[in-house]
Amino acid sequence: MATRTTSEDAAVTFDGVSKNFGDVKALDHVSLAIGRGEFMTLLGPSGCGKTTLLKLAAGFLAPDSGTVAIDGKCVNDVPTYKREIGMMFQNYALFPHMSVAENIAYGLKTRHVPRHDIRRRVAEALDLVKLTGMEDRKPRQLSGGQQQRVALARALVINPTVLLLDEPFSALDKNLRASMQIELREIQRKLALTTIFVTHDQSEALSLSDRMAVMSEGKIRQLGTPLEIYRRPGDRFVASFVGDTNCLRGELLSVAGLEAVIALGGAQIKALATHLLDTRASSLVDLFVRPERLRISAPGEPGSMIGQIVTQTYQGGHVDLQIACRACSDNLLMVRSAGDLAMTHWPPGTEVGISIDAEGCTAFPLP
Amino acid sequence: MTPRSTYQRLLGYAGWFVVILILAFLILPAAVVTIAAFNDKAILSFPPQAWSWRWFERALAYPDFRTGFQNGLIVTAWSSSIALVIGAMFAFVIDRYQFALKRAIEGILVSPLVIPHFTVGLGFLILAAQIGWSRGFAVVVACHVVLVLPFVLRSVYVSLRNLDSSYELAAASLGATPLRVLLTITVPLLLPGLVSGWLFAAILSFNEFTASLFVTSQRTQTLPVAMYNYVREFADPSMAALSVMYIVATAVLIAFANRFLGLGKVLNIEQSY
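Chains H and S are the protein sequences, given in the same order. 1 is the number of the first residue of the first sequence in my numbering; add one for each residue after it. 1001 is the number of the first residue of the second sequence in my numbering; add one for each residue after it.
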């Protein structure tokens, strides 16, 4: 389990926060404490409340009930401009009528920093994001990646208590996104800066976060490290939203201690019984299996299911195989095979055996 | 590619012909007046037999036109500037806040579009007489403010709608107070809309005749009123000469705005940034 962050050493705390927009419950009694220097990701589909939570931290919205605290102090009645936050917007929101240097200096001028200090700190910030020499450019003369660096520099230069990021990578192409993510994370670690990062991209969340909160319908469904969330999803929603997964329907044979045995098309699978303690034997359960936890073997091997390759999708480093399998109610199974041997070994139409690595399974009772 | 049939080609030519005809029709009055302005004879006839600049000289020297021009500038500068301030404030309030009677207030602000200009002029004339207001510039300016307000309001409102609120939020997150956000972010980004609103108001005010006829006196008459009074007595081409100068001046003004702000931005037909 994740180490609990208590509100005393938290940089940002949400305590029983609710927010409604008309009849829509955007946030429903959400509590979350973000530790100092922690990179916290709010992950969820659109409309899950993650952006609303970020706006509450920024002060763009006020909660209907509950409290928001920054640095241990309740900020419910503190306007945005007094909150000492750094924010990066999805479209960067660089001021189009100001140069790069003026954009970065904006937050320093509002704080009445002396002019020679401003010049020095702007230069330092530009150095941090590797844009030295771009001072006099206008935002529209910069590439998407450069604009993002300016937005980051502008948010960082004021030494904020917390950095708020609203889907900042969504407008970048894939290669640039990956390198910007690494760079952002490096800077964030170097400055030990508390960060709240909002995204709907689960791979982004897994690769960047110290901890992540998976949200849906105004609630936090699970809070934990990326490893915990991926390996031990807390409910069906988290299991299917974070990472690729296969859902197989089986029959619960027995629960003994923390181990459940599930019958699946003639095979018997052992899985953690965490979510099955109240489920009676011989009832149906759903087994969520990651595609890399399924292995292809010779057909007829004991403990394996029979299937037929439908498609191969070559991904460079691995191959995704779609397999039709009678044991799983004719749903297509996705199997991830490392390397590219699968391309030649198992062309479409091949009959194969599929066995499940019990380590990567999570079972849930039917909803 | 399939070859175009004769029918389609004819249709194409006919289309071009109609377009040219319409454009010619639009330019026709200005073209006729321009040519007539250079007529040497003392009558407004077309086409002229001999050419001269003398009507331009007469128009420039005629005292009523000179004072009318000056009065027009005074009235225009005041009325469009006052309308800009009032219109911008109302546009801001209507765009940003929800309140009761919002629709009603919007309706009243744009009502001069529905009410004829002579009604507005007559109204101000009666009002001024009633409260003992002398028929000075104040009445004319007040009247023009009412007439041009809807256009300014519209122009600023459209630019406000197009303004991405994340700029203002970003400024607030950087520690800017609401006033600072307004002065350093909102107003500079709205500048094209404000300038276009002002320019539009200025051109309308300077051209306004119907209401001005009621509210101006001999001392405060604007150029269109002076031209009307002139044409009641004389029918020489100095009117045409004045029109040509008018057109040139307006074109120069718009070219100036285009040079420094971009005409597309000023007229709100382009995305500002």
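Quick caveat, the hints were computed from the structure, so don't treat them as lab data. Some clues are possibly wrong.
[To be verified] Below are the EDC-like pairs computed for lysine to aspartate or glutamate, each with C-alpha atoms no more than 20 Å apart in a straight line:
(1) Lys109(H) to Asp136(H)
(2) Lys109(H) to Glu1168(S)
(3) Lys55(H) to Glu1168(S)
[What the hints assert, rightly or not] Partial selection, computed: residues in chain H whose CB lies under 10 Å from chain S:
(4) Gly59
(5) Ile85
(6) Phe89
(7) Gly107
(8) Gln268
Every residue, glycine too, gets a C-beta built ideally from N, C-alpha and C.
Consistency of the hints with the structure:
1. Lys109(H) to Asp136(H): Given that 20 Å is the threshold and the Cα spacing comes to 17 Å, the pair holds.
2. Lys109(H) to Glu1168(S): Status holds; Cα separation ~16 Å.
3. Lys55(H) to Glu1168(S): holds, 14 Å
4. Gly59: Where the cut-off is 10 Å and the nearest Cβ of chain S is about 8 Å from glycine 59(H), the hint holds.
5. Ile85: Because about 6 Å separates isoleucine 85(H) from the closest Cβ in chain S, which is inside the 10 Å limit, the hint holds.
6. Phe89: With Cβ-Cβ at 5 Å, under 10 Å, it holds.
7. Gly107: holds, 4 Å
8. Gln268: Glutamine 268(H) check fails; min Cβ-Cβ to chain S is 55 Å, beyond 10 Å.
Hint violations for this structure: number 8 only, all remaining hints satisfied.
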